[in-house]
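A.B. asks: Sequence:
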Amino acid sequence: MDDVQRTEKYAKRPLDEQRIAQMNELLRPAQASLEQHAPQPAQPIVLVIGAPRAGTTLAGQMLAATGGFAYASNFLARFWQTPAVGAIIEQALKIRENDGIDFSSTHGVTKGWSNSHEFGYYWSSWFDRGQTTHRLAPAELAQIDAAAMLRSLGALEAVRHLPFVFKNNTWCTLQAAYLARTLPTSLFVVCRRNPLFIAQSILMARRERYGDERQWWSVRPSTYETIIQYSPQQQVVFQALEIQREMDDELRLIAPHRLVHAPYERLCAEPRRIVAEVVERCESAGARLKLERTCPEAFESTDVRRLQAAEWRLLERALEDYPAFRVRVESQA
Numbered sequence: 001m002d003d004v005q006r007t008e009k010y011a012k013r014p015l016d017e018q019r020i021a022q023m024n025e026l027l028r029p030a031q032a033s034l035e036q037h038a039p040q041p042a043q044p045i046v047l048v049i050g051a052p053r054a055g056t057t058l059a060g061q062m063l064a065a066t067g068g069f070a071y072a073s074n075f076l077a078r079f080w081q082t083p084a085v086g087a088i089i090e091q092a093l094k095i096r097e098n099d100g101i102d103f104s105s106t107h108g109v110t111k112g113w114s115n116s117h118e119f120g121y122y123w124s125s126w127f128d129r130g131q132t133t134h135r136l137a138p139a140e141l142a143q144i145d146a147a148a149m150l151r152s153l154g155a156l157e158a159v160r161h162l163p164f165v166f167k168n169n170t171w172c173t174l175q176a177a178y179l180a181r182t183l184p185t186s187l188f189v190v191c192r193r194n195p196l197f198i199a200q201s202i203l204m205a206r207r208e209r210y211g212d213e214r215q216w217w218s219v220r221p222s223t224y225e226t227i228i229q230y231s232p233q234q235q236v237v238f239q240a241l242e243i244q245r246e247m248d249d250e251l252r253l254i255a256p257h258r259l260v261h262a263p264y265e266r267l268c269a270e271p272r273r274i275v276a277e278v279v280e281r282c283e284s285a286g287a288r289l290k291l292e293r294t295c296p297e298a299f300e301s302t303d304v305r306r307l308q309a310a311e312w313r314l315l316e317r318a319l320e321d322y323p324a325f326r327v328r329v330e331s332q333a
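Sequential numbering from 1 applies to the sequence shown in our numbering.
Check the hints yourself; a few may be wrong.
Using C-beta positions, here's what the derived DEER-type ranges look like [as the list claims (entries may be wrong)]:
no.: 1; residue 1: LEU26; residue 2: ARG328; range: 46 to 54 Å
no.: 2; residue 1: GLY130; residue 2: VAL327; range: 25 to 33 Å
no.: 3; residue 1: ARG306; residue 2: ARG214; range: 14 to 22 Å
no.: 4; residue 1: GLN131; residue 2: ARG252; range: 18 to 26 Å
no.: 5; residue 1: LYS9; residue 2: PRO39; range: 42 to 50 Å
no.: 6; residue 1: ALA324; residue 2: ARG288; range: 50 to 58 Å
no.: 7; residue 1: THR106; residue 2: SER284; range: 32 to 40 Å
no.: 8; residue 1: ALA42; residue 2: SER331; range: 45 to 53 Å
In the SDA-like style, the derived pairs of lysine to any residue whose C-alpha atoms are separated by at most 25 Å in a straight line are [claimed, not checked]:
no.: 9; residue 1: LYS12; residue 2: TYR121
no.: 10; residue 1: LYS12; residue 2: ASN74
no.: 11; residue 1: LYS290; residue 2: GLN81
no.: 12; residue 1: LYS290; residue 2: HIS257
no.: 13; residue 1: LYS111; residue 2: THR302
no.: 14; residue 1: LYS9; residue 2: SER124
no.: 15; residue 1: LYS94; residue 2: TRP80
no.: 16; residue 1: LYS9; residue 2: ARG19
no.: 17; residue 1: LYS9; residue 2: ALA77
no.: 18; residue 1: LYS111; residue 2: HIS257
no.: 19; residue 1: LYS9; residue 2: TRP80
no.: 20; residue 1: LYS290; residue 2: ARG258
no.: 21; residue 1: LYS111; residue 2: GLN81
no.: 22; residue 1: LYS111; residue 2: ILE95
no.: 23; residue 1: LYS111; residue 2: ASP16
no.: 24; residue 1: LYS290; residue 2: ARG306
no.: 25; residue 1: LYS9; residue 2: ARG306
no.: 26; residue 1: LYS111; residue 2: GLU300
no.: 27; residue 1: LYS94; residue 2: HIS161
no.: 28; residue 1: LYS12; residue 2: ARG129
Keep in mind the hints are simulated off the structure, nothing from the lab. Each residue gets a CB set at the ideal place from its N, CA and C atoms; glycine is no exception.
Turn these sequences into a full structure, and let the hints steer you where they fit.
C.D. replies: Listed below in structure tokens is the structure:
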């Protein structure tokens with residue numbers, strides 16, 4: 001879905017992408033063999049979800065940094081079609097011993113082989129059915145090979161024998177209920193943030209990544225086609241609110257004991273308590289975790305206005321316009 005021309009700093013390298021795809025294709029027989037002999041996942045699978053710019057990357061890094069969880073790293077992400085093979089290579093080369101997690105990111109993208117990654121290509125391989133949004137209809141969900149997904153995740157777990165953490169905004173957030181049904185051991189870390197600060201950050205990301213605030217960036221809720229008919233400032237506010245609304249629809253179908261709530265304010269003020277809560281939920285499910293490190297006691301909040309006052313007011317007005325937007329959407333249903 002992200003085929004828009006990027007600025008030079010954020011541009012993909014087509015030759016690298018092609019070579020990595022070829023490598024994955026060559027390794028597919030080895031992946032198939034690992035999946036054939038792997039049991040279904042038994043360890044908790046921790047899915048960090050929320051709107052883009054809601055603190056999901058930080059939440060994923062906090063858990064990954066403890067050493068008590070397996071997670072999708074920047075290295076592993078290169079093996080998006082053959083993740084169990086990639087995990088074996090990563091472990092053999094001791095990739096995660098060479099550089100740590102520095103709790104920084106740019107638009108959710110981190111630096112360093114061992115830092116956490118969204119694993120977007122992997123999740124797209126399951127959920128991208130050619131639709132224009134990131135929320136699948138029931139008929140589209142029915143087309144997914146759930147058994148194959150379980151084999152893939154089971155093979156990945158068999159390499160590390162640890163609870164696995166996945167941070168993914170684009171697909172896991174709006175398919176949370178499906179994942180809860182398909183992955184019985186899954187838990188969800190739910191990230192939220194003031195929609196004005198989410199919107200501000202998305203607007204700035206559009207300008208930095210594409211040089212054009214009109215170009216859509218990141219998660220497309222089911223109302224995407226209606227949202228894009230509005231101004232860029234309205235779009236980013238409606239995007240933030242619609243993602244959180246549709247996420248809530250998903251969460252209502254999941255048992256409360258499988259949810260750990262990590263609003264941005266709490267994420268910054270008491271990250272260790274959030275980590276402890278996730279650990280407690282995992283251990284209640286039968287896992288035995290040994291944490292090697294801990295995260296900082298607190299993080300500095302970035303909930304500050306960075307836009308000019310006039311443009312910030314446009315975001316505030318868009319927030320006021322949201323009820324009318326919902327009326328329009330519901331009248332079209």
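A.B. asks: Each hint needs a verdict: does it hold in this structure or not?
C.D. replies: For each hint, the structure was consulted:
| no. | hint | result |
| --- | --- | --- |
| 1 | LEU26 - ARG328: 46 to 54 Å | 50 Å, holds |
| 2 | GLY130 - VAL327: 25 to 33 Å | 30 Å, holds |
| 3 | ARG306 - ARG214: 14 to 22 Å | 19 Å, holds |
| 4 | GLN131 - ARG252: 18 to 26 Å | 23 Å, holds |
| 5 | LYS9 - PRO39: 42 to 50 Å | 43 Å, holds |
| 6 | ALA324 - ARG288: 50 to 58 Å | 52 Å, holds |
| 7 | THR106 - SER284: 32 to 40 Å | 35 Å, holds |
| 8 | ALA42 - SER331: 45 to 53 Å | 47 Å, holds |
| 9 | LYS12 - TYR121 | 14 Å, holds |
| 10 | LYS12 - ASN74 | 15 Å, holds |
| 11 | LYS290 - GLN81 | 29 Å, violated |
| 12 | LYS290 - HIS257 | 22 Å, holds |
| 13 | LYS111 - THR302 | 20 Å, holds |
| 14 | LYS9 - SER124 | 24 Å, holds |
| 15 | LYS94 - TRP80 | 19 Å, holds |
| 16 | LYS9 - ARG19 | 21 Å, holds |
| 17 | LYS9 - ALA77 | 20 Å, holds |
| 18 | LYS111 - HIS257 | 33 Å, violated |
| 19 | LYS9 - TRP80 | 23 Å, holds |
| 20 | LYS290 - ARG258 | 21 Å, holds |
| 21 | LYS111 - GLN81 | 22 Å, holds |
| 22 | LYS111 - ILE95 | 13 Å, holds |
| 23 | LYS111 - ASP16 | 17 Å, holds |
| 24 | LYS290 - ARG306 | 40 Å, violated |
| 25 | LYS9 - ARG306 | 21 Å, holds |
| 26 | LYS111 - GLU300 | 20 Å, holds |
| 27 | LYS94 - HIS161 | 16 Å, holds |
| 28 | LYS12 - ARG129 | 22 Å, holds |
The structure is inconsistent with the numbered hints 11, 18 and 24, although it conforms to all the rest.
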